[in-house]
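Student: Respectively, the protein sequence lines represent chains A and B. So the first sequence is numbered by the working numbering: it starts at 172 and just counts up by one. So the second sequence is numbered by the working numbering: it starts at 292 and just counts up by one.
No lab work stands behind these hints: they were computed from the structure. Here the structure is a predicted model, which is why all the values come from computation and not from measurement. Quick reminder that beta carbons are idealized off the backbone N, C-alpha and C, glycines included. Treat the hints with care, since some could be wrong.
Cβ-Cβ distance ranges computed for the label pairs, FRET-style [as the list claims (entries may be wrong)]:
#: 1; chain 1: A; residue 1: Gln531; chain 2: B; residue 2: Gly396; range: 44 to 50 Å
#: 2; chain 1: B; residue 1: Gly622; chain 2: A; residue 2: Glu233; range: 38 to 44 Å
#: 3; chain 1: B; residue 1: Gly601; chain 2: A; residue 2: Ala311; range: 21 to 27 Å
Going by beta-carbon spacing under 7 Å, a handful of chain A positions derived as facing chain B [as the list claims (entries may be wrong)]:
#: 4; residue: Ser215
#: 5; residue: Ser362
#: 6; residue: Phe449
#: 7; residue: Ser551
#: 8; residue: Val556
Here are the simulated DSSO-like cross-link-like pairs (lysine-lysine), alpha carbons at most 30 Å apart as the crow flies [unchecked claim]:
#: 9; chain 1: A; residue 1: Lys443; chain 2: A; residue 2: Lys431
#: 10; chain 1: B; residue 1: Lys454; chain 2: A; residue 2: Lys431
#: 11; chain 1: B; residue 1: Lys702; chain 2: B; residue 2: Lys735
#: 12; chain 1: B; residue 1: Lys690; chain 2: B; residue 2: Lys755
#: 13; chain 1: A; residue 1: Lys398; chain 2: B; residue 2: Lys755
#: 14; chain 1: A; residue 1: Lys185; chain 2: B; residue 2: Lys454
#: 15; chain 1: B; residue 1: Lys702; chain 2: B; residue 2: Lys755
#: 16; chain 1: B; residue 1: Lys690; chain 2: B; residue 2: Lys702
#: 17; chain 1: A; residue 1: Lys398; chain 2: B; residue 2: Lys702
#: 18; chain 1: B; residue 1: Lys735; chain 2: B; residue 2: Lys690
#: 19; chain 1: B; residue 1: Lys755; chain 2: B; residue 2: Lys735
#: 20; chain 1: B; residue 1: Lys454; chain 2: A; residue 2: Lys187
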Amino acid sequence: MSDLVALAERIVAKAKVGEEIEAYVARGHDIEVRAYDGEVESLSSATTGGIGVRVLVANGSEGAKLGFAWAGSLDDEVVESAVDEARDNATFATPDPDVAFATPDGVSAAELDLWDQSVADTATDEKVALALELERRVRAADPRIRQVSSADYGDERVEVALASTTGIRAFTQRTAAFLSVSAIAGEGSDSHTGTGFSVARGFSGLDLDRAGEDAVERSTRMLGATKVPSDRVTVVFDRRVVSTLLSVISSALSGEAVVKGRSFFAGRMGEKVATGSFTLVDDPTDPRAFAASAHDSEGLACRRTVLIDSGSLAGFLYDTVSARRAGTASTGSAVRGGYSGTPGAGCRALVLQPGHHDQQAILAVVGEGLYVQSVTGVHSGVNPVSGDFSVGVEGLMVRDGELAEPVREVTVASTLQRMLQSVLHVGVDIEWLPGIAAGQTLAIGDMQLSGS
Amino acid sequence: MAGWPVARLPAVARPLGAWLKETLGDLSRPGRSDAVDTMTPVSAPPLIDSDVLERVLSASLAKGGEMAEVFAEDRQISSAILDDRRIEELSSGRERGAGIRVVIGETTGFAHTADLSESGLLAAADAAAAVARRGGARTETVALPARRLAPEHDFVLPSEVEKSAKLELLSRADDAARSAGAAITQVQVGYGDSRRRVLIASSEGMHSEDDQIRTRFNVSCVATGDAGMQTGFESIARTEGFEVFGRFAVEEIARIAATRALGKLDARPAPSGELPVVLAGGSGGILFHEACGHGLEADHIVKDASVYVGQVGEQVASALVTLVDDGTVAGEWGNYAVDDEGKAAARNVLIENGVLTDYLWDWLRARKEGRPSSGNGRRQSYQHLPMVRMTNTFLLAGKENPDELVAQTPKGVYVAKLGGGQVNTATGDFVFGTSEAYLIEDGKITSPLRDANLIGNGPEVLRKIDAVADDFAMMPGTCGKDGQSVPVGCGQATLRIGGITIGGTAA
Numbered sequence: 172m173s174d175l176v177a178l179a180e181r182i183v184a185k186a187k188v189g190e191e192i193e194a195y196v197a198r199g200h201d202i203e204v205r206a207y208d209g210e211v212e213s214l215s216s217a218t219t220g221g222i223g224v225r226v227l228v229a230n231g232s233e234g235a236k237l238g239f240a241w242a243g244s245l246d247d248e249v250v251e252s253a254v255d256e257a258r259d260n261a262t263f264a265t266p267d268p269d270v271a272f273a274t275p276d277g278v279s280a281a282e283l284d285l286w287d288q289s290v291a292d293t294a295t296d297e298k299v300a301l302a303l304e305l306e307r308r309v310r311a312a313d314p315r316i317r318q319v320s321s322a323d324y325g326d327e328r329v330e331v332a333l334a335s336t337t338g339i340r341a342f343t344q345r346t347a348a349f350l351s352v353s354a355i356a357g358e359g360s361d362s363h364t365g366t367g368f369s370v371a372r373g374f375s376g377l378d379l380d381r382a383g384e385d386a387v388e389r390s391t392r393m394l395g396a397t398k399v400p401s402d403r404v405t406v407v408f409d410r411r412v413v414s415t416l417l418s419v420i421s422s423a424l425s426g427e428a429v430v431k432g433r434s435f436f437a438g439r440m441g442e443k444v445a446t447g448s449f450t451l452v453d454d455p456t457d458p459r460a461f462a463a464s465a466h467d468s469e470g471l472a473c474r475r476t477v478l479i480d481s482g483s484l485a486g487f488l489y490d491t492v493s494a495r496r497a498g499t500a501s502t503g504s505a506v507r508g509g510y511s512g513t514p515g516a517g518c519r520a521l522v523l524q525p526g527h528h529d530q531q532a533i534l535a536v537v538g539e540g541l542y543v544q545s546v547t548g549v550h551s552g553v554n555p556v557s558g559d560f561s562v563g564v565e566g567l568m569v570r571d572g573e574l575a576e577p578v579r580e581v582t583v584a585s586t587l588q589r590m591l592q593s594v595l596h597v598g599v600d601i602e603w604l605p606g607i608a609a610g611q612t613l614a615i616g617d618m619q620l621s622g623s
Numbered sequence: 292m293a294g295w296p297v298a299r300l301p302a303v304a305r306p307l308g309a310w311l312k313e314t315l316g317d318l319s320r321p322g323r324s325d326a327v328d329t330m331t332p333v334s335a336p337p338l339i340d341s342d343v344l345e346r347v348l349s350a351s352l353a354k355g356g357e358m359a360e361v362f363a364e365d366r367q368i369s370s371a372i373l374d375d376r377r378i379e380e381l382s383s384g385r386e387r388g389a390g391i392r393v394v395i396g397e398t399t400g401f402a403h404t405a406d407l408s409e410s411g412l413l414a415a416a417d418a419a420a421a422v423a424r425r426g427g428a429r430t431e432t433v434a435l436p437a438r439r440l441a442p443e444h445d446f447v448l449p450s451e452v453e454k455s456a457k458l459e460l461l462s463r464a465d466d467a468a469r470s471a472g473a474a475i476t477q478v479q480v481g482y483g484d485s486r487r488r489v490l491i492a493s494s495e496g497m498h499s500e501d502d503q504i505r506t507r508f509n510v511s512c513v514a515t516g517d518a519g520m521q522t523g524f525e526s527i528a529r530t531e532g533f534e535v536f537g538r539f540a541v542e543e544i545a546r547i548a549a550t551r552a553l554g555k556l557d558a559r560p561a562p563s564g565e566l567p568v569v570l571a572g573g574s575g576g577i578l579f580h581e582a583c584g585h586g587l588e589a590d591h592i593v594k595d596a597s598v599y600v601g602q603v604g605e606q607v608a609s610a611l612v613t614l615v616d617d618g619t620v621a622g623e624w625g626n627y628a629v630d631d632e633g634k635a636a637a638r639n640v641l642i643e644n645g646v647l648t649d650y651l652w653d654w655l656r657a658r659k660e661g662r663p664s665s666g667n668g669r670r671q672s673y674q675h676l677p678m679v680r681m682t683n684t685f686l687l688a689g690k691e692n693p694d695e696l697v698a699q700t701p702k703g704v705y706v707a708k709l710g711g712g713q714v715n716t717a718t719g720d721f722v723f724g725t726s727e728a729y730l731i732e733d734g735k736i737t738s739p740l741r742d743a744n745l746i747g748n749g750p751e752v753l754r755k756i757d758a759v760a761d762d763f764a765m766m767p768g769t770c771g772k773d774g775q776s777v778p779v780g781c782g783q784a785t786l787r788i789g790g791i792t793i794g795g796t797a798a
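Chain A on its own, in the form it takes in the complex:
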């Protein structure tokens, strides 16, 4: 820890008169084991580290100019040249009165324990054995499982230090471990895939049974799937899919997208944008959230933000710069893609206020419709600017309130705006998934199913 903080402070100390410097220093250790056909297919291990340096040069009344440089190394000589390069890059930026680094805002950071030492302390042999056991179990679980294309164990330890001449000092550390398995079920010439996984802070929190059973169930229940005729349907989205949907919607709730006119929520604060049962919150201080964090990527305390309150648009997520552009304060929502990225506004831990029913009860209430197990083409078919929504889906028809025959090679479509106004049920079944949003069953009415 201390060496990363010290390095960040050494970088910041290089600031010249009229300059602000921010240093982001990260280091990670990871291991990944892939099992296949009873053998170790691959075993990878690595330590990586890097820095990202931002330099802000005052430019009189016009504001300041920002430059950035990064390097995949923690060596002093490389760090030195990154600072010089960031400084040089700053000379070419457009002066901007809204460009600034975060300054401490008096909000104290939550005390979160996101470090599980078992990730570091468990012998590699045990990790390898777990991947092999997962693979063996899925192969043996059902005669229709004809292939397990991969069974992986992985873990990661990440440490990040942030410092700036504007008074920021932050250090975060966290661990994660995961199991994931991809199964292929087959009968005759019909094949279907299913993935299962388990994530936890540490080795001991992993649920091998759950990961395996999920992969087996999701692949075998799709056997015999067919394309169905086009129709208007109620869609019940699986928890994992909802996590993806919320992540997409969240990009329209970024203050940066709003202030730059790239969000369909822009200019609609306080308006009814969703049905009354829909309350969406980002709370990175909840330690159950996979991406929970005490500090954001500019070193401010992470905090709870209500985005949609009983259907009314209630808030956006801001980092320092987007907040200044919008004339408001940062919500501690700066995120960045590692040391090679610059901060932007984004969520870390979205969750819907739970409703009253679990998946089974929602299916029973819905009666007739389509249950969606997985979606494809989210990046090509969901546009958070226009709101257009069209994705490929696999799933099962819902008949008489229960899961019925499997369906493949169809799409469901609507617009995000219309979907939010057509939420029928929010599940009580919160599951903290990897990524930036929890999963919960969600039923949405009046969607277009396209098939034969």
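Guided by the hints, dock chain B onto chain A, whose structure is given.
Tutor: Just chain B now, kept in the frame of chain A:
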């Protein structure tokens, strides 16, 4: 949102491991980045001297490994973003390191390091060799052949270009996009260049280097009308230097992006259900990338995880389909001299007149089958294991006139530009999105359509291709697989699919 500015073509669903790394976020790979001005001429000294490589490879095999390989990489990246009328970010970055793999039987050990000193490499070799401990200890002396040098080129290196010259392109594009119409309300312009030097040495006598220069430019526009906002995107991406801007006018790229967004302001919802679809020449070629390209990658084949297993020699597509993967097409985005295992890029015919002729191979999967690699072993960076990847994948042109092809289609959808796509290789089901599409009514292109995904099954759709025109063009993309992204090209002439499901909302 500030993703890689070229259309993405993610392949199979992202495995959780890669996802975790991304969401943990603090150490993910460069998405957009940078340039440090320490360029080396092509005849520069190697990233690692051959005597050091020989000692590291020998040490890698000391625990009983059957093959050892060092992959060294020095990548310098620079990027600039103009957004909301401001030069918002000028970024430079550098990443240098080596990945070492040791293979014994069916098992691969892998470790990487940013420390290219002999001691750093030996430590990584030791970690990679840990998987080989069941093998007997032995003394192996690896002797490398002479290094195959990176080909000479006369590209204008990114480091030779003033930063101000790069930034001027951004402003010109911004102006051009905004002048395309008053309804253009937001413009983002991105520039990026990279120089990637690689060196590959293995105990099987591989000793090759390459020097890859890439340049990209992209414009994203938002247009606002009475019915809300629409987006338009256009890019160029070439394995060349700054001289590409002598051939491609940034104003034209901007105008295309802006026109695309403006045209959709009046768009109606895309149809729902099955219709004939005409894909314009160069609209993406994503069809083949997803419908069969990924399914022909030998890693899926050897694991029996592709619908194309056992189909060599079979008619898998319409006789109009001749599909080629070719890493040697000068300047294209998926081009290189040698792959990330040191094997020379090649032109590989995958489907000839509808008959499947071969799969794509890397070293590991080819070894299993006792055949040579096809030069398709690629990796995102030194921090990744290589796997089978496409390069530039394209359908050879046909003979028809593209206009007549539309005229012969009474009712359908005309796709002028595709977005990305995704495939499940085990089932063959794939999607690809439209970013500029129109209705075809009575043989004429009519109303613009809002964005939607199309869904089909690879082997079925390939058989339904009933016309191919003569207007061939390529398009760049970023292909994601198993958490790794690599640059690829896709190409095709105007073609028609007899019927495919369109995922719109109109009944």
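Student: State for each hint whether it applies.
Tutor: Evaluation of the provided hints:
no. : hint                              : in the structure
1   : Gln531(A) - Gly396(B): 44 to 50 Å : holds, 46 Å
2   : Gly622(B) - Glu233(A): 38 to 44 Å : holds, 41 Å
3   : Gly601(B) - Ala311(A): 21 to 27 Å : holds, 25 Å
4   : Ser215                            : holds, 4 Å
5   : Ser362                            : holds, 5 Å
6   : Phe449                            : violated, 20 Å
7   : Ser551                            : holds, 3 Å
8   : Val556                            : holds, 5 Å
9   : Lys443(A) - Lys431(A)             : holds, 22 Å
10  : Lys454(B) - Lys431(A)             : holds, 26 Å
11  : Lys702(B) - Lys735(B)             : holds, 9 Å
12  : Lys690(B) - Lys755(B)             : holds, 17 Å
13  : Lys398(A) - Lys755(B)             : holds, 17 Å
14  : Lys185(A) - Lys454(B)             : holds, 24 Å
15  : Lys702(B) - Lys755(B)             : holds, 16 Å
16  : Lys690(B) - Lys702(B)             : holds, 22 Å
17  : Lys398(A) - Lys702(B)             : holds, 22 Å
18  : Lys735(B) - Lys690(B)             : holds, 20 Å
19  : Lys755(B) - Lys735(B)             : holds, 21 Å
20  : Lys454(B) - Lys187(A)             : holds, 23 Å
In the structure shown, a violation is registered for the earlier hint numbered 6 alone.
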